[in-house]
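Trainee: If you want the building blocks of each chain, they are given just below.
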Amino acid sequence: MEGGAVSDGIPRGRDGHVLQPLWVWSPETIEDIQSKAELGRYTNRGLGMTKRPPHFEDLTFVPCTLSRVPLEGYRETCATSIEIGGRHGAKPIKLSTPITIAGMSYGALSRNAKQALGMAATRAGISTTTGDGGMLDLEREASDQLVYQVLPSRYGFNPHHLRMANAAEIVVGQGAKPGTGGVLLGAKVSPIIAEARQLPPGVDQRSPVRHPDFVGPDDMQIKIEELREATDGQIPIYVKIGACRVPDDVKLACKAGADVIVIDGMEGGTGASPDSLMNHTGIPTMAATVEAVAALREMKLEGVVNLIVSGGIRNGVDAAKALALGADAVSIGTAAMIALNCNRPIYLEDYEKLGTVPGACHHCHTGLCPVGITTQDEDLIARLPADEAADRVEGFLNSMTQELQMFARACGKNAVHDLEPEDLRAMTIEASAITGIPLVGTNFAFRPESFAQAVADAMAAATTNGHKAPQGAH
Amino acid sequence: MATLTSEIDCSAHTTREINQAIKRAAADGVPEIRLTNPAARHCLAVAVMTPIHVIFDGPVGWYCGGMSDGGRITVNGSCGWSVGENLMSGSIEVHGNGGSSAGATLRGGRVFVAGTTGARSGISMKGGTLVVGGSVGYMSGFMMQRGTMIVCGDAADGIGDSMYEGTVYVGGSVHSLGADCVEAELTDDDRALLAAELDPHGIASTGVDWKKLVAGKKLWNFSKHEYDAWRGAL
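Top to bottom, those sequences are chains G and B.
If you count the first sequence from 1, position 192 lands on 192 in our numbering, and the numbers rise without skipping.
If you count the second sequence from 1, position 128 lands on 1128 in our numbering, and the numbers rise without skipping.
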């Protein structure tokens, strides 16, 4: 061997010995440093985090056997619908299945993508959501139930659109990057998008994170009152929060008067954001769900203030686990995009031009989406006929509903909202500690209160048996 | 036949009742509605979408006239934060002082505050005109996108920070410019605009050392060769 080489995926030196990469200075880290050195700033990209967080994947269902009786799997009725947002007498959003389409901006997404999501939501009997860039006419027409976002930027915000909406959602933060606004790089700020946002075309748009007209939770209470006055109290007010200090944030949002709270975990997606924020801010959706439910329970507002959780929900299984932990519904963004066609292996030459491949493309920020979803290029948009794309999203939504019902029936429930923590077991100590659900094979939840109880039980047993309690155990 | 003026004593009604009464009066073609005892209540005259002259005799709270389109609102008193936020068209005149975020995200129309306003006045303006007879607080005009802000008094630190477009005129002193906010030459067109906006309010536009502030546009698109401009903005 003349020089170093890679054989069978293993880097080897001249003499054939294995060259060990360093953990700190891994090939990924080296590339990251060198690309930043070239770029002169942080790196932006789309989609979401690259790390694996503690996840719903770490939970498993324990369906009925002898101790509980299941419902007949593919036949018996299993209810899925829920109404949310009626806390203050507004007309609630009616979800035929506990899923919503998350806010994604017209600008980050093409008009065909927004229209298709609206059509699919309508066919499935659920709601969809606008985004940073206002309400698109096509989207309003396509969507029976449309949630209008009130974002810090207020790009394209129009009170007439607010009054046409079925709910309003104050966005305090986003799971992918809580504490920071989004980015829409110049390539996507086309003349049409620029006009919709009242911006100069081609500008690198960096959205603000603080609302322009209020600061803290007490102020937000007045903002909520303003939104109610503007809509004559007819529509529910949601508050969407990037998952961080969830117990405090949930309580503050309840106090401010939210009808619905949306908690977006760190797995949540984005059209474009600094890579470092996506991987290093926020907490996972599973953990956020547990904390949000506990906070609502503490305030005796469980089921009164509705809870939607989002961030990396991939299918009906994740949704079922979120519901079992206490969420009223889940919201999907990236999964809906993938159902549209995101990362589908077609137009391979255009993936190649972007320097990526289907299955690992997160180049939403470039505006050159090969499948016409995250682009404003007319030729690329034409690759996503809205009606066909809506069919795919509808199909995916239906599959999620079926999966939800499948797990509920297996657990003996005739409504998906009857799923409960007892239906779950944790596959890892970490998931057990986060959720309070017993670890498989132990019937023991790795939480401080469980340890305290175990010590108390041991002391009681020792006393009963006439043994002296261990010293220091009290 | 609608009467020329309707009058409501706010102290006897909920905010919802007051706002509904304003909207009903506007829909009925009543040209003017006078509201007494507003007592700094929040969210008054929000989203008034039909032309009518709404007069408040006394101070109002937050969001007065917010999200309105086409009406005329007069406040004979001071106002709280975010007066006229996201106003689409029409006018709001406050004959007193304003709070922070006056005219936030204004998209059209005119907001006039005779006295002084707080921090972030004219934040994220997307059009329209904000006139402040007195001074404005910290970071006013932050991320302004379009429109015109006229400050007859002083501008506190960080005026016009990260402006995309739009124009800020300051008659008094400028404590410091925000990131990428630069001074431009005042033209005859600017002087004419200032006269047209200020004369109706009885404020002299001549004999004043106006500073015209605009976006430097260095923050429009990132350049690693202009890192000093981006140091505080990234």
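Be aware that a few hints might be false.
Taking lysine to aspartate or glutamate and the DMTMM-like style, the derived pairs with C-alpha atoms no more than 20 Å apart in a straight line are [as the list claims (entries may be wrong)]: (1) B:Lys1023 x G:Asp232; (2) B:Lys1224 x G:Glu31; (3) B:Lys1218 x B:Glu1183.
FYI, nobody ran anything at the bench for these hints, they're computed from the structure.
Trainee: Run every hint past the structure and note whether it holds.
Mentor: Hints, verified against the model:
1. B:Lys1023 x G:Asp232: 10 Å, holds
2. B:Lys1224 x G:Glu31: Holds. Lysine 1224 (chain B) to glutamate 31 (chain G) sits at ~19 Å (cutoff 20 Å).
3. B:Lys1218 x B:Glu1183: 14 Å, holds
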